[in-house]
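A.B. asks: Listed here are the chains, written in short residue letters.
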Amino acid sequence: MIIKILGPGCTNCKTLTKVTTAAVAELGLDATIEKVEDYAAIVGYGVMSTPALVINEKVVVSGRVPNPAEVRTFLTAAAI
Amino acid sequence: MSIAERIPTTTRGRVGILVAGVSLWAVAYWMNEWLWDVVLYGAFGMEPANRVTETIHFFIYDSLKILLLLAIIIFASTVLRSFMSVERTRAFLGGKREGVGNILAAGLGVITPFCSCSAVPAFIGFVAAGVPIGVTMSFLIASPLVNEIAIGLLLTLFGWQITALYVVSGLLIAILSGWILGRLNVEKWVEPFVFDVKLGGQTIDPSLGLTFGQRMQMGVEEVKAIIQKIWIFLLVGIGLGALIHGWAPADFFTTYAGPDNPFGVLIAVFIGIPLYSNAAGIMPLVAALYDKGLPMGTLLAFMMAVVALSLPEMILLRRVLKPQLLAIFITTAGLGIIAVGYLFNAILV
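So the sequences go chain by chain: D and F.
Anchor point for the first sequence: position 64 equals 63 in numbering that gives the first Met the number 0, and the numbering is continuous, going up by one each time.
Anchor point for the second sequence: position 326 equals 325 in numbering that gives the first Met the number 0, and the numbering is continuous, going up by one each time.
No lab work stands behind these hints: they were computed from the structure.
Possibly wrong hints are sitting among the right ones.
What the hints assert, rightly or not - Here are the computed distance ranges between Cβ atoms for each label pair: (1) F:Ile329 / D:Ile32: 46 to 54 Å; (2) D:Thr10 / F:Thr52: 35 to 43 Å; (3) D:Thr10 / F:Leu17: 24 to 32 Å; (4) F:Thr210 / D:Gly8: 49 to 57 Å; (5) F:Phe194 / D:Ala68: 35 to 43 Å; (6) D:Ile1 / F:Ile346: 57 to 65 Å; (7) F:Gly98 / D:Leu26: 24 to 32 Å; (8) F:Phe194 / D:Glu33: 25 to 33 Å; (9) D:Ala24 / F:Lys321: 39 to 47 Å.
The beta carbon of each residue, even a glycine, is placed where N, CA and C say it ideally should be.
Based on the provided sequences and hints, a complete structural model is requested.
C.D. replies: Now the structure itself:
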């Protein structure tokens, strides 16, 4: 599973990275987490409000930091 | 368990929790009005007429009052604005001509939830969707300039007339500056990579599919995040306000920056541009200076310069705008703010 965190490095992006890393560890998933900070690449995903979470090249949430339970739901859905 | 999961899902439960929250807030606000008289002057036996105790009283009372006001204003505006999004705004603006587009963009700039850290992706996203540069700039200027927290605080501290003047003049500055930038054909001063970006993927609209509980949670988190970010500015602002309130001679400021000084507004704007703070952080200072007889036009110009033109946002925007365009942007917005300051000083005598 490839997870990408889209955002220029603001506080919200760091929080999202933390929440996602914790969720991945908790679910015991085999996943790589990448940070995407390049603006052109971010907009390339159709994202205009950061931070955004991309799982396997699909944007699942943008413009807010989802809570841990939500992130776990997204990850489980993508892992099936 | 997160806040969203603890909020009841029945209508009765939701209304109940909102009523309980507002009542708690009202009790705290009401207690703050008299508690410090009792504690400082009663229990500690301080002298009410003493300047030192008066300054302490002003500081404690004002800090809590502003914090309480901020909490409810930020919460309410975050929950309301969770129904809007940059994605939705872009859909409204796509295909609009200049003129109408500028007006719409400025209005949407006020109600769209927007963090200046998203300024660059939003700029690229708007341009890629065919929104004209000038219209995009109207949005980017209005968003920090007409600030929802400033609206709430102005309304509670100074009344609706001054709030209305603030909102209308802020919108006019955003509309006109954007329109002028559009007329100047500034495309050549936008970094070329912006025009090459193709919008891919599917857009997720953050305003959709949220539950009541999630919107409440966003409100609470935003209150925490903003207060964490600005409490130091707030305390410094209120501290300065308390000192000015108790110690500055009544005519100190009016002598130097009062209505009779033709350079008052200019000086205020030049001091304000390099300063960077949230509108909430400088409002206590503005209130204290107003008490000391500084004209409202000068103060509003100062506040607008502080919130709308900031170094961090310029550095961010430099990624997509060439220095020439940034310079024009700062000049038009700055001149607009100066004009508003003089206009208000002339009207509000």
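A.B. asks: Just pull the numbers of the violated hints for me, sorted ascending.
C.D. replies: Numbers 1, 4, 7 - these are the hints that the structure violates, sorted from lowest upward.
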